[in-house]
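Participant: Starting from two chains that each stand alone, build the complex the way the hints lay out.
Take a look at the letters that make up each chain.
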Amino acid sequence: MYQHTRLTTNQFNFFQKFKNFDYILLVCILLLGFISLVTMYSTEGGKILFHTKSHFTKLIVFTVMMLIFSFINIKFWFSIGYFSYFIAICLLVWTYFFGLTSSGSKRWIDLYFINLQPSELMKIFIILCLAKYFHRMKLENVNSIYTILTSLIIIILPMGMVIVQPDLGTSILIAISGIAVLWFAGINYKYFIYTVLGFLILLPFIIAFLKPYQKLRVLTFLNPDKDPLGAGYQIIQSKIAVGSGGIFGKGFLKGTQSYLEFLPEKHTDFIFTLFSEEFGFVGSALLLVIYAIIIYRIVAIGASSRSYFAKIFCYSFGAAIFVYIIINMSMVLGLLPIVGSPLPIMSYGGSSMLATMIGFGIVMSAKVHNQQLIA
Amino acid sequence: MINSTSDNVKKLNSINRRMFITGSLKFFIMVGIISRLFFLQVKENKKYLTLSDKNRIREWKLAPVRGEFYDYFGNIVAGNFEAYQLHVIPEQVEDFRYLVYRLKDLLELSDNEFKKIIKKKKEIKPWETLIVSDNLSWKKFSKINNHLYDLNGVKPVISISRNYPFGENFTHVIGYVSQANKNDIESNESIKKNFVPGLKIGKTGLEKSFENKLIGTNDIERYEVNAYGRRISQLEFQKGKKGDSVKLTIDTKVQQLANELLKDQAGSICVMDIYSGSVIAMHSSPSFNPNLFVFGISQDDWQTIRNDPMKPLINKTLQGNYSPGSTIKPIVALSALENGIINPNFTVKCTGKTEMYGQTYHCWKKKGHGFVSLRNAIKQSCDTYFYEIARKLGVDKLSETAKKFGLGEKVFGNLFDVEKQGLIPNTQWKKNALGKGWLLGETMITGIGQGYIQTTPIQLCLMTAQIANGGYKIYPKIIVNEENNIQPSDKYVPLYQNSKNIKIVQDAMFGSTNEVMGTSYRSRIDDLKYQFAGKTGTAQVKKITEEQRELDLKTFQIPYEERDHALYIAFGPYKNPQYALSILVEHGGNGSTTAAPMAKKLFKLIIDRHLLRQSVNNKKYLEI
Numbered sequence: 002m003y004q005h006t007r008l009t010t011n012q013f014n015f016f017q018k019f020k021n022f023d024y025i026l027l028v029c030i031l032l033l034g035f036i037s038l039v040t041m042y043s044t045e046g047g048k049i050l051f052h053t054k055s056h057f058t059k060l061i062v063f064t065v066m067m068l069i070f071s072f073i074n075i076k077f078w079f080s081i082g083y084f085s086y087f088i089a090i091c092l093l094v095w096t097y098f099f100g101l102t103s104s105g106s107k108r109w110i111d112l113y114f115i116n117l118q119p120s121e122l123m124k125i126f127i128i129l130c131l132a133k134y135f136h137r138m139k140l141e142n143v144n145s146i147y148t149i150l151t152s153l154i155i156i157i158l159p160m161g162m163v164i165v166q167p168d169l170g171t172s173i174l175i176a177i178s179g180i181a182v183l184w185f186a187g188i189n190y191k192y193f194i195y196t197v198l199g200f201l202i203l204l205p206f207i208i209a210f211l212k213p214y215q216k217l218r219v220l221t222f223l224n225p226d227k228d229p230l231g232a233g234y235q236i237i238q239s240k241i242a243v244g245s246g247g248i249f250g251k252g253f254l255k256g257t258q259s260y261l262e263f264l265p266e267k268h269t270d271f272i273f274t275l276f277s278e279e280f281g282f283v284g285s286a287l288l289l290v291i292y293a294i295i296i297y298r299i300v301a302i303g304a305s306s307r308s309y310f311a312k313i314f315c316y317s318f319g320a321a322i323f324v325y326i327i328i329n330m331s332m333v334l335g336l337l338p339i340v341g342s343p344l345p346i347m348s349y350g351g352s353s354m355l356a357t358m359i360g361f362g363i364v365m366s367a368k369v370h371n372q373q374l375i376a
Numbered sequence: 003m004i005n006s007t008s009d010n011v012k013k014l015n016s017i018n019r020r021m022f023i024t025g026s027l028k029f030f031i032m033v034g035i036i037s038r039l040f041f042l043q044v045k046e047n048k049k050y051l052t053l054s055d056k057n058r059i060r061e062w063k064l065a066p067v068r069g070e071f072y073d074y075f076g077n078i079v080a081g082n083f084e085a086y087q088l089h090v091i092p093e094q095v096e097d098f099r100y101l102v103y104r105l106k107d108l109l110e111l112s113d114n115e116f117k118k119i120i121k122k123k124k125e126i127k128p129w130e131t132l133i134v135s136d137n138l139s140w141k142k143f144s145k146i147n148n149h150l151y152d153l154n155g156v157k158p159v160i161s162i163s164r165n166y167p168f169g170e171n172f173t174h175v176i177g178y179v180s181q182a183n184k185n186d187i188e189s190n191e192s193i194k195k196n197f198v199p200g201l202k203i204g205k206t207g208l209e210k211s212f213e214n215k216l217i218g219t220n221d222i223e224r225y226e227v228n229a230y231g232r233r234i235s236q237l238e239f240q241k242g243k244k245g246d247s248v249k250l251t252i253d254t255k256v257q258q259l260a261n262e263l264l265k266d267q268a269g270s271i272c273v274m275d276i277y278s279g280s281v282i283a284m285h286s287s288p289s290f291n292p293n294l295f296v297f298g299i300s301q302d303d304w305q306t307i308r309n310d311p312m313k314p315l316i317n318k319t320l321q322g323n324y325s326p327g328s329t330i331k332p333i334v335a336l337s338a339l340e341n342g343i344i345n346p347n348f349t350v351k352c353t354g355k356t357e358m359y360g361q362t363y364h365c366w367k368k369k370g371h372g373f374v375s376l377r378n379a380i381k382q383s384c385d386t387y388f389y390e391i392a393r394k395l396g397v398d399k400l401s402e403t404a405k406k407f408g409l410g411e412k413v414f415g416n417l418f419d420v421e422k423q424g425l426i427p428n429t430q431w432k433k434n435a436l437g438k439g440w441l442l443g444e445t446m447i448t449g450i451g452q453g454y455i456q457t458t459p460i461q462l463c464l465m466t467a468q469i470a471n472g473g474y475k476i477y478p479k480i481i482v483n484e485e486n487n488i489q490p491s492d493k494y495v496p497l498y499q500n501s502k503n504i505k506i507v508q509d510a511m512f513g514s515t516n517e518v519m520g521t522s523y524r525s526r527i528d529d530l531k532y533q534f535a536g537k538t539g540t541a542q543v544k545k546i547t548e549e550q551r552e553l554d555l556k557t558f559q560i561p562y563e564e565r566d567h568a569l570y571i572a573f574g575p576y577k578n579p580q581y582a583l584s585i586l587v588e589h590g591g592n593g594s595t596t597a598a599p600m601a602k603k604l605f606k607l608i609i610d611r612h613l614l615r616q617s618v619n620n621k622k623y624l625e626i
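Read top to bottom, the protein sequences are chains A and B. All residue numbers for the first sequence refer to the working numbering, where the first residue is 2 and numbers rise by one. All residue numbers for the second sequence refer to the working numbering, where the first residue is 3 and numbers rise by one.
Looking at chain B on its own, in the form it has when it is part of the complex (with noise of 0.2 Å):
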């Protein structure tokens, strides 16, 4: 009994003495856990509540609204209008097979834009928007407004989108807006920070130029959402900023009627103020129509684009390289007359041809014109005379001229990413890109605007515009910024040494289209009013061999391919200058029967408009 009590005592004792050891240890431990959660939920509580707050708020970005363009008038000439689309939340379907069948129906769906659907539907989550249709016609959305009843999870919804409600007027000014893809994205710091899906972005032209002020920002809708992604509430919209707008120099009507004027054909009419240098109208044909991208061209429209043999695709009046022809005459005659090496009375005997070191070169009229000076020489395109004079002058001189009234040079700078700048070439050139001398032959057909030298349309339009104004240097501009408008400062710089060279030049182009004998005298103005100076040009895309020249081809016996490039430039009205345009249409055979008469057109209206587009001037002027 007695030991049995004791080693009772000694097993009380002992796990007594266990039971001390375990409670201290226990209370060590709950120390550790309570020193642990005040670790996590007071010292690192800022840190946690931020990951909670990344792990539920999520946010939504919306593509923004885009900027507009406006014409010189204030016109819209890209804009936006209200699509309306159909969206589907599949979650929300009772039956989406029935719907999808019921929408066939309704919208009239083709079975490849069906299967589009359904593909489409399998890539997203059951609670994301399905974009069944993103521009339905009023017609079938009011359809669909009708049958809302039994179309459960459908929202008609309209959303802002480009629209360019002249068409293919400005395509080649504005250039057009589709769907960012993933280059766009990455060359573009504006285009990555308001990526949405679908966001359209400017592709080509204008739109692209002024992406980073057109965008805008986006709006922003926060919302509160579970692990699987899925919206619980919507916490704040944050409105975003609509893109800046942009105004253009550009008379819509100037730019139509140039459109008009080359229908079916292919070539580019440009329109310059010759003091300010603003650019009325611009136009390349074909043009298409860049509502066809916005939404996403399809495969056939593409196509027919794309396979055009008058290649829409191509901005003529920036990318044409065009060889001047008769064109560049004017500026041939300055440089030798500022060079010294004639004056306007030297005169050259023209029998149709010349010759120079066995080689024939032709006057464009075979009987030859006699003996001419100058004056007569510009006025009827005399190619013996130019040979000679270019001759004399030497192409580097001449060449030094051309540069100076803007050939050979980009137009617009950097705000075209298509311009190109032609070529006037000088014996350096000709050494450094060709390795070879300069032939003096050479020489002779640059100075009828053959050979190497190219020049795009704009360049001429410019350099018209350079001779209307007296010879005093412009930049050409197509956009209106009235604020901080920086003006360089050889703006106005003369560009010649003589102003009397000038006014014989432009009296020899008034000569050309004014007077008997002229190459575009049938595309004369009488009234004072409208009255304009050009010079005719027509560029040899082939060269022509003896037989040809023996055959005297009428120009729709050529082959398209190979028939002349039709060029005019002028400017007027010749008693007050105010515009200078510049004409080519692609094989269109003869400057005076193709290009001349559609200046004839292009004067009357931009005259007629010249007091509206005053008026727009003064009134800006009074508002401050």
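So here's chain A without its partners, still in its complex pose (with noise of 0.2 Å):
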């Protein structure tokens, strides 16, 4: 009986797939797409402009891809972990030597159709490369220095390659990315526990290396006060726009910080302060739910997904996911030093998206088939 369904599985026709598609994720993230596209419409101040015709352009072609990606076989993308890892450090490589240089860091290669970011890729990539890496390894294997030190270099190696753009945040969501896999590949906790007071005792050291500016954005954070319409600014502005949004907002293009200018970067990294200050407290908190119920979703798919890859990366997708909303969000929300994040889906940039989208694709292919067991 049990080998029969095996067989059967093993040849699902297309509306099978269609069938096991996760709706629920689809729609959540069909609606965070189009509630970014609002936002995009209101950072231009009530107008159809570039970033909402791009940002539109974007979300259309990436959630197709998505679409095809989840008709994919997870065996396809089991197999191409360790290359699209390979790709993407090549991509590192050539941003090194060929990249566009922009506001004093070098992070974009030109495709000439794209600027592509493959920082951004990296993250979603580590991923698939670390999880392919743990999927057939004996519990007792995966504390041997060898794994270790091998799962270390595969992280260690882009993050190098992307502090270097210079690109902080992108790096150390990377690491974060690729930590999350190490957690659930079942890294002894020691290990967990030695790093974090490992970092601790070296932090004074790596705040004495860290650039001039850098440090300047964790004094800041410490106090924002003490330079308001310097480095304090945008952290200040951003506070003032997500508090004076009150229980119900502003209203739709209404945010006066934001057409007023106040905001900095108001299409990226602080979207969501604008999103908070024209929909206010209610507003915010659906946009939470929103996001939790996706990484529900995403972590209800591992969770009943037969191959161990599919699970492990489906958990740390939605760990990562999980980290890069909270990042920006405590970001903006003055508890976290300013550090280049974007917001998921919400915040323009298409290289982020596109990460972003492979993810989802690649959740959305394990449900399509759940059954699928990889050797």
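One or more of the hints may lead you astray.
Straight-line Cα separation of at most 27 Å, DSSO-like style, residue types lysine-lysine; simulated pairs [as the list claims (entries may be wrong)]:
1) B/K49 / A/K240
2) B/K12 / A/K191
3) B/K12 / A/K76
4) A/K251 / B/K48
5) A/K255 / B/K49
6) B/K56 / A/K251
7) B/K28 / A/K240
8) B/K56 / A/K255
9) B/K49 / A/K251
10) B/K255 / B/K313
11) A/K240 / B/K45
12) B/K48 / A/K240
13) A/K255 / B/K48
14) A/K255 / B/K45
The hints are simulated quantities; they were obtained by calculation from the structure and are not laboratory data.
Facilitator: Quick look at the structure:
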């Protein structure tokens, strides 16, 4: 009986795949896309201009891409695990030599139709790579020196290449994505505890190595009122915008902080601030609920997957998405220093959306093919 | 197979356990974020809402409309006019270079003015207003209006500004306004409160004294602005209050006549109502045009005014400390009578000079006056007679009487910050100020208004008024204040012990003007309606040496700076006195030839306008 089911599920037809789709996740992603479009429209003062148009196009293209990805067997995603990582590393090397420089950092490569930020792709491919690495590994081997060193190298290599761009925020997010996989793969708790302790001890030295502008960000975080028109400006204005939103917000297209241009980076990192100002506590909570449902669905898909690879990927991707959201929100709410980190789907930026959508696509593929075993 | 299955189970157990830990962690962190949102948006909402409004709303104050000055008959003597200005907002201009050259052409700007505009443009933000011209003539203004079609971004604006229709006539009373500087803002609360760039405030005179009353309050415009300070939309317009107006007691016609009489001479004329103390005219010559200061005076004009040897910037009526000369004699005589030193029949023989401790004191008349009584001594201004009674009287008693009649202290109190108090010396003063004992010779020359004694023209006018009204104390005023006018308790208190003594002095002054041999006989008016009584004075600026006395030079033969000051005090009409005046002509030579004839013209006008003035007064009471 069991065997029989396995045999049949190995040959899905198109309609069965459709039936297996996670519609809650899909609806949430589409809803999020819609909200992000509305917010983008508001950042441009109620006009359909460049950012809205571009964001719309990307949403359509990447959603379609995500849907196509979900029909591709999870085995395929398993098979390209190392390759995708290798490609991302190559792209980072390419960026280092031939990247486009903008506002002092070299993060983009010109692909003619799109300016791609390979570090964003790395955030998803590192999970794919490490998930594959741990898929077949026996639990007793996981904590061997060899495994730990290998996985650390897999994480540290792209991190270093992103730090030199320089882009501290993304490199931290890459590291967190990788560490999430290590956590779920079963690396001993003590290593995590040691790492945290070691990090705390090394913190003063790390700060000493930070660039002056990064140091300033940390200091500003600790005391934003010290220089309200300079370094503290972003965080103060962001808090004012969020705080002045109140329970129900100032209303759509009525966010004074944003349309009078007090908000910095309102298309990208600070888009939540604008949303929160216009839709208030209720809107922000609703947005958080949507994100929570998405993360819950991702985890649930992981739980229902039969293959270890799918499980570890879903759990890690869910954790990574969660961290991205939390870091972004903590930053705009004044709980963390300013590090460049976009809010998934909401923020303007093709590479970030591409990476997130690839992730969603793989998760969806895991759902569609949840009975698939990987040898 | 079993082994691998059990490993799989272990792996699954491990990953699920860890997922559970992660899930719980996620939950708590999510709760943390939500509570942070709640804290900011619900609990601290008010604070951030205020901050957000502070960000976006900015106030612009507009200059308040200044209150006016009226003369006694309600004519505006310092008013407001509509200044035609030209504003440009650089960001609305397509081709700024083309525009400024076009404007330079149309307005016939000099290269200097042109450079100033270019400099100003660089200092301001592109959306701020650039004032190209703050006071255009109507002709140029309409020329601009005709060319507006190719002057994009140019705004012809009508703005309210100060105007003095009578030019130099009221300068020393009202003062002038000009742009407020840092000092003005710091020293006056209401200027600080109402300050806007380009605000004009009183710099001297009553414009300064009544600043708080005149200034009014700002119009306030509230705009929504963006992060760069650019105005997005107007939210509110709050109309300000116009400043209160001030009504003067001055009669413009008399003031103008005073100005005319002193044309090309340095000096002062003041006229006062002897009962109310109202100042009818108060002029200091030379004066200057206060309109020059309103939009900032040009360097050339300023140098001309500043370097004028006749010192137009000094208000001689209030600031000028002069020896009173013979105009002090009525007070000396009065003091001697009051103190019982002499009686009216006391006679002195004048030989043209008198000696005291080897020092010779000359009378102005070389041949001497012969035997003179008090009346004749005042009438002919005999110096010898006054040397004698001053010597008998003593300086302390003299100074007492002089002070009683308002000499030696500020007439207007703190109203004018430039006013000087003059100097009435006594023995105590000399000891304290100079550390020396008083000399008898000094008493003698004080008796003819020379030496240490110094008075301002307005003090002499007050003194004359108080003699004329029968010896009663009055408080001079220059503002008609209708509401809550607190009368000083000692107003109209008699200043004499025996009113007969006042009469004697008045009669002697009548003789001086209206009888043959009187010093101002030639300036008399025989018509009883205008007839006035007065006393001439000639104050020495420089001590006359013996050689000069021998030469007996005519006034025009002496260098200007060394000529005597000419003074004259008078009151009239004699039968029923109403007005008193004092005239001073700096370096005018002789009181009887220079100053007294002016009084004749003044009394003609003043008395002609008396009824008119009375009618304004009566009407006021009728309305109540």
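Participant: Determine for every hint whether it applies to the structure shown.
Facilitator: Hint check:
no.	hint	verdict
1	B/K49 / A/K240	holds, 11 Å
2	B/K12 / A/K191	holds, 19 Å
3	B/K12 / A/K76	holds, 23 Å
4	A/K251 / B/K48	holds, 13 Å
5	A/K255 / B/K49	holds, 19 Å
6	B/K56 / A/K251	holds, 16 Å
7	B/K28 / A/K240	holds, 23 Å
8	B/K56 / A/K255	holds, 16 Å
9	B/K49 / A/K251	holds, 15 Å
10	B/K255 / B/K313	holds, 24 Å
11	A/K240 / B/K45	holds, 13 Å
12	B/K48 / A/K240	holds, 13 Å
13	A/K255 / B/K48	holds, 17 Å
14	A/K255 / B/K45	holds, 21 Å
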